[in-house]
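Trainee: So you can see what is in the structure, the chains are spelled out below.
There are 4 protein chains.
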Amino acid sequence: MRYKARALILLPGFFMSTDQKSIKKVVLAYSGGLDTSIILKWLQTTYGCEVVTFTADLGQGEELGPARDKALLLGIKPENIFIEDLREEFVRDYVFPMFRANTQYEGLYLLGTSIARPLIAKKQIEIARATGADAVAHGATGKGNDQVRFELSYYALEPDIKVIAPWREWDLTSRTALLEFAEKNQIPIAKDKRGEAPFSVDANLLHASSEGKVLEDPAQDVPDYVYSRTLSPEDAPNQPTFIEVDFVKGDAVAIDGEALSPASLLTRLNKLGHDNGIGRLDLVENRFVGMKSRGMYETPGGTILYFAHRGIEQITLDRGAAHLKDELMPKYAELIYNGFWFSPEREMLQALIDKSQEFVTGRVRLKLYKGGVYVVGRSSPHSLYDQDLVTFEEGAVAYDHHDAAGFIKLNALRLRTLAKRARKLA
Amino acid sequence: MRYKARALILLPGFFMSTDQKSIKKVVLAYSGGLDTSIILKWLQTTYGCEVVTFTADLGQGEELGPARDKALLLGIKPENIFIEDLREEFVRDYVFPMFRANTQYEGLYLLGTSIARPLIAKKQIEIARATGADAVAHGATGKGNDQVRFELSYYALEPDIKVIAPWREWDLTSRTALLEFAEKNQIPIAKDKRGEAPFSVDANLLHASSEGKVLEDPAQDVPDYVYSRTLSPEDAPNQPTFIEVDFVKGDAVAIDGEALSPASLLTRLNKLGHDNGIGRLDLVENRFVGMKSRGMYETPGGTILYFAHRGIEQITLDRGAAHLKDELMPKYAELIYNGFWFSPEREMLQALIDKSQEFVTGRVRLKLYKGGVYVVGRSSPHSLYDQDLVTFEEGAVAYDHHDAAGFIKLNALRLRTLAKRARKLA
Amino acid sequence: MRYKARALILLPGFFMSTDQKSIKKVVLAYSGGLDTSIILKWLQTTYGCEVVTFTADLGQGEELGPARDKALLLGIKPENIFIEDLREEFVRDYVFPMFRANTQYEGLYLLGTSIARPLIAKKQIEIARATGADAVAHGATGKGNDQVRFELSYYALEPDIKVIAPWREWDLTSRTALLEFAEKNQIPIAKDKRGEAPFSVDANLLHASSEGKVLEDPAQDVPDYVYSRTLSPEDAPNQPTFIEVDFVKGDAVAIDGEALSPASLLTRLNKLGHDNGIGRLDLVENRFVGMKSRGMYETPGGTILYFAHRGIEQITLDRGAAHLKDELMPKYAELIYNGFWFSPEREMLQALIDKSQEFVTGRVRLKLYKGGVYVVGRSSPHSLYDQDLVTFEEGAVAYDHHDAAGFIKLNALRLRTLAKRARKLA
Amino acid sequence: MRYKARALILLPGFFMSTDQKSIKKVVLAYSGGLDTSIILKWLQTTYGCEVVTFTADLGQGEELGPARDKALLLGIKPENIFIEDLREEFVRDYVFPMFRANTQYEGLYLLGTSIARPLIAKKQIEIARATGADAVAHGATGKGNDQVRFELSYYALEPDIKVIAPWREWDLTSRTALLEFAEKNQIPIAKDKRGEAPFSVDANLLHASSEGKVLEDPAQDVPDYVYSRTLSPEDAPNQPTFIEVDFVKGDAVAIDGEALSPASLLTRLNKLGHDNGIGRLDLVENRFVGMKSRGMYETPGGTILYFAHRGIEQITLDRGAAHLKDELMPKYAELIYNGFWFSPEREMLQALIDKSQEFVTGRVRLKLYKGGVYVVGRSSPHSLYDQDLVTFEEGAVAYDHHDAAGFIKLNALRLRTLAKRARKLA
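Chains as they are written, first to last, in UniProt numbering: chain A, 1 to 426; chain B, 1 to 426; chain C, 1 to 426; chain D, 1 to 426.
Since the hints were derived computationally from the structure, they do not count as laboratory data.
It is possible that part of the hints are untrue.
The list makes no distinction among identical chains, and a pair is therefore deemed to hold if it is satisfied within one copy or across any two copies.
Said to hold, decoys possible - Using 27 Å as the maximum straight-line C-alpha spacing, the simulated DSS-like pairs for lysine-lysine come out as follows:
1) Lys355 / Lys331
2) Lys355 / Lys249
3) Lys25 / Lys424
4) Lys249 / Lys331
5) Lys24 / Lys420
6) Lys331 / Lys123
7) Lys249 / Lys367
8) Lys420 / Lys25
9) Lys123 / Lys424
10) Lys25 / Lys41
11) Lys355 / Lys420
Can you build the whole structure from these sequences, using the hints too?
Mentor: Below you can see the structure in the form of structure tokens.
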């Protein structure tokens, strides 16, 4: 127990817990970049433990080959290097279930970063089990939400796993200190990494997010150079693009009639979104750790998907189902944002949401134009929209408009009773 | 009681209730158009009662003078003609309170029609009291939501008022029958009203909505000629427009630094929205009376206001407050949509929402471009955004990132306990 | 359409809809009592249709044999008499799922009447299909909730079924008129039915409810003679009774170690509850049809079950799961009370609730004493209660109380930021 | 920053933060008991700071005089001893507002401990301001909820206050160590405090709670000697007691016609509850810090108040208001339990709740009998219960039971549409 330790000399590692001192093997979420390479080395030198690297392709748009090379260069044994293409699993088992709920955090954010963390954590735990590792480590900082998302997922899957969060432990608290450590440990530093990045980026197949430095003043515009996934609306084509998206049980399965796997479909939507300047969001959000932060999100395909899904639900989902989903969505979004993907309450909500999607099947036509997504048509073999019911003329249909009188009268009854009381008191 | 009546001859009015037969004076929500003119005459001939007309300017964009002339022409006494400009009251006491909640029905609809009904109903009741009328009447059909909204409001304010809903009572169930009735009763018919309108419109300062006929197939695009309040995004300027909106306690008070009354401000935003192709919505929604319907909404200024308000809340509203609001918004929206503005539960929710807005004060900068509204900056003397807290470097600030370790550990505790149970059972 | 009909002579049945006039065969929910016997005859004479009777044993405590005899006497063909013991299905598929949610309407009522209606309706529809009937009928009055529950269930299962609700249609609106009709139609009238009952009763295996007449003044005590299912607490034994209830996945399966079928178990609990004066409730509730009503409920076994289920959940259900259930329970209760058992939103909530019950397995010990139910012990192989975690001394356990400091600090961060703003403004 | 410190010798106080080392004056929540006396001394010796004691009478049932004497004995200056009778403020501003919501945590617990903490914290902060203290301290342990409640309240009221939580900081982690410290520092130890208490107690005017040691096994009965506030139901009188409680705007104001101040009224109810064996609760609950704990609560008067308040609401509160309150109650309870009394979201919910109570005025008659509380009558000048509406006979009242047909038909419309889809798909 660190607070009770009594020691004359503070050796490196003093502030680590007793548990952590005895770490034998750690699975690190490793991107191949400078920061996680420094972490890799720091783990080796501080803990004297074996490091296993895990590098995932979640659609962040980077080659994974260099990550392997760099890991080898930093002394990781070949059998300890794990590289995996998770794009299909990511979209199928994380992104799509989330989109079934029309999930938006704080009314606007499509949760692109949040939804990727549980999957990475899950894979780290699986590798830890496979390799007999007793610890996992991540490169998230001590002020953000990602540390929470990683660690809650770790603990939910492997309750006794040891967790190392270098950014909360080490004293490499300045850019200079980091670079010194890198140089001292023969970690290659790309030229453009010498200077400090003007913002930090997280990216995967669903989105890219940027925050920090040049974005920190929420009164100032996001500079153009921050955007990487979308053309600006101004630069998008002057003619709209029309597409059709097919859904089966709440998940998108085809674009313009072409069946696509989940990741391929999202990739295609990303291209469409990119080209039409869709999915930029400048947001000040509330972090789980307690402060507000300002970020810029680009979710081109996800933004299209969001509107398309709402479109198909409009004709296939019952009102009671739709309103219940809408009422619970903010809580569901909050759970994902806060890192509780692997929690009973998220799974309960998922059961409820999935139950609602049984007939959310059909086709949505969309217009994409200079940043805008417009649903312009929807059709479904399971449509609940009944033209006979809404037509102005009364026909041989189920609706008798005299029923409305009784409906209103009984709905009004308690209000009338209240009004009588008010009158009596007045 | 109509169901118990026993009569040999069915006279006109037989299907009216006993109560209604004895109506002496009725306050009609009168637009001056053909339909409500027919209603006016029908009330006179069917009930033999005195008719009081109430015509409100809610910003629907029509002259009110002709309504007065027409009422006189149809035999309404001058003292029974009430015309009122309600635009400021409408925006101040109905639109703005609703926008404090970021209200969207079914995720998308800004409730432009729903929010106007309670005010009209309230005025009818006030006029009924002032003129000693014992009934009110409206021109809403028997299949829509508006009949519910009008009548729930009537009853909530005056529990014993008699309500006449001609569309549910008369047998003028075809266009032909209506026109015959009009001709027989010397009601002038404008040339363009001879044919049947290809869709019906409701309009006020917040929005215009269209539904029916050409819009009834939700798979088909909304024809261009349906839009009246907005340029198409394609026709909007190629250069973005930037504006600043100032808020005080949750309500917009100024544009580009110029203080404006509520209605003037919304009028200004409508112009900006119109010019930039903002606020079109093609929606299939769930009516309170039980069926789905497809409508087209144009809410140019309201759409800008929605995003602007979210923008200012982002820096001035606490997370706990923001999330609670977001969770309750769907219910609040449903209440307004369903016509329960004058209900205890709507008022309770309003008390909660208003309580949250005390510090929602500041300035939002927005970019308007070809259908899109983008918040690009926000600032406030009451900002909760603390740059010191989010900056990557750790400074002399309140946040100690080691706290995060404990925070995560305790949040994880129950998840770890669950995982241990799962492991035990496996 | 009745409102448009034009007829010189009002024949019996005039106020029925055209549809109903052509009814060929109707399935009546038939208790064998005077009221439903009158309905039976009234259906025959008014509609000239074949009547199929359905009599269910839901544990109301009456013999079903007489119902058969009486139906025969009233001219029902033997093949049109359906009698079924639904007790097991009732408890297994309706009562138990509802109790998984700890369902209480308006904080107190265990929904004994509400939960029985969907099952009866479902069976009527099944019989209608089997016998080729085109209509169903029930004996619920026009002011209560039961008419809604029956009819919403009918329509949800068979959308084009014709529904006859005699109490809303006929003119037998006084006791005298009813008795006259009975006499005229040779319906036997038990001596004690001559006078008017001082209250009306509904009963099944879950509860007995009483309302009306002597109960109508909510300021007056419920008279002793109204109670039928419970001893008064004063008359219950002076010594407490201790029992143990075992649960598996949220459902009770055994009492004092003896495995019991659902209906047998509830029957046993009813006896225990009866003897110990448990489960009386004097309530003024809000009906779906808009008014308040006062009822008296006796739910002896259900009350024990409610507390027992809460007891076992306390040690087996995670906090996140438990709180989510608690938040959604009022809505779930409202749906059942209002008659929406067969609705997508009830089924979605059920999916969520059932998901939570996977590990709600174990034993609860209860003390029953003069109206009170006290959980005095619970144990489970799936317990999440960890004595090591809560003991005052710090041991070799997962909990480090220094983590609490960080936990509090980050939870406090937004509150501190708010306080700083408040101070700045002061 | 403690994690970065580099020091050769670990002096006492090393694990305190730099901030805390410089503490000048601390306001301690001081009970006068052994534990807080040890804390008092420990603060003096460890921090070398001036200690201000605050002792509140919240109705815990202890004399405050000895606390003053003991503080003096331990060297506290007279001007640094603050003793205050908070009973009226406690009940009026904390207990009553909470009871307006019918608040129960996890369905059962009336939050007696939780609701007292914010008030104590508020007073400590006020005294800190008045005396120029820069820190506050409390005697809550590192595993419980109370530390969270105290500290969140401190920070919400005074964002830069320094907080000392001795139980998380010191190394007096065994009973022996505590007693040694006490003896070494001349702190008097009552004879009965030598041994270890078999459970710990918290008490105030609302309740007494016990936990720990003999209560830690949730399968074992609570021993009789743990109860201090109530007779056992078995020992309560064999005759029921009947009382009347009057409410004004949601708060109890009189018993049996005698107007009483909030604290006097609760004291009276406590006596009635005590004598009739009312308000015992054996509970396993979920703590905010992540584990389950088992406690025993006695809330005699509060239990009566809970049922009485539900009783008066039954006739004075509208359905929409009542159901909204019920839906939000679990969240409100969670906020109070977790320590967020001074948070925007709790205040927003309070605004909503208080808004609902405007007409919750009237009289409730209750029967108290051997542990049970039974509402047996309610009346109010503001009653919404309308006997004319519920009576079986149809009279000259507002309710036309034919309206029910239309009401049901429109409520069924979407269900019928769903059923038609299901049939089509089958």
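Trainee: Are the hints correct? Go through all of them and say.
Mentor: So, going through the hints one by one against the coordinates:
1. Taking CA atoms no more than 27 Å apart as the test, Lys355 paired with Lys331 passes in both settings, with 17 Å inside one copy and 17 Å between copies.
2. Both within a single protomer and between protomers do Lys355 and Lys249 lie at most 27 Å apart by alpha-carbon distance, with minima of 10 Å and 20 Å respectively.
3. In this assembly of identical chains, Lys25 and Lys424 lie within 27 Å of each other by CA distance solely across copies; the values are 24 Å between and 77 Å within a copy.
4. Proximity of Lys249 and Lys331 under a CA criterion of 27 Å is satisfied in both settings, with 22 Å inside one chain copy and 26 Å between copies.
5. Taking identical chains as interchangeable, the C-alpha atoms of Lys24 and Lys420 lie at most 27 Å apart only when they sit on different chains, with a minimum of 22 Å there against 76 Å within one chain.
6. Only within a single protomer do Lys331 and Lys123 lie at most 27 Å apart by alpha-carbon distance; the minimum there is 26 Å, versus 35 Å between protomers.
7. In this homomeric assembly, Lys249 and Lys367 come within 27 Å of each other (Cα to Cα) only inside a single copy, at 23 Å, whereas the closest approach across copies is 37 Å.
8. Proximity of Lys420 and Lys25 under a CA criterion of 27 Å is satisfied inter-copy only: 22 Å between copies versus 75 Å inside one chain copy.
9. In this assembly of identical chains, the alpha carbons of Lys123 and Lys424 lie at most 27 Å apart only when taken from different copies (21 Å versus 68 Å within one copy).
10. For the identical chains of this complex, Lys25 and Lys41 are intra-copy neighbours only, at 13 Å inside a copy versus 46 Å across copies, given an alpha-carbon limit of 27 Å.
11. Taking the shortest alpha-carbon separations for Lys355 and Lys420, only the inter-copy value of 19 Å comes in at or below 27 Å, while the best intra-copy value is 43 Å.
Violated hints are absent here; each numbered hint is respected by the structure.
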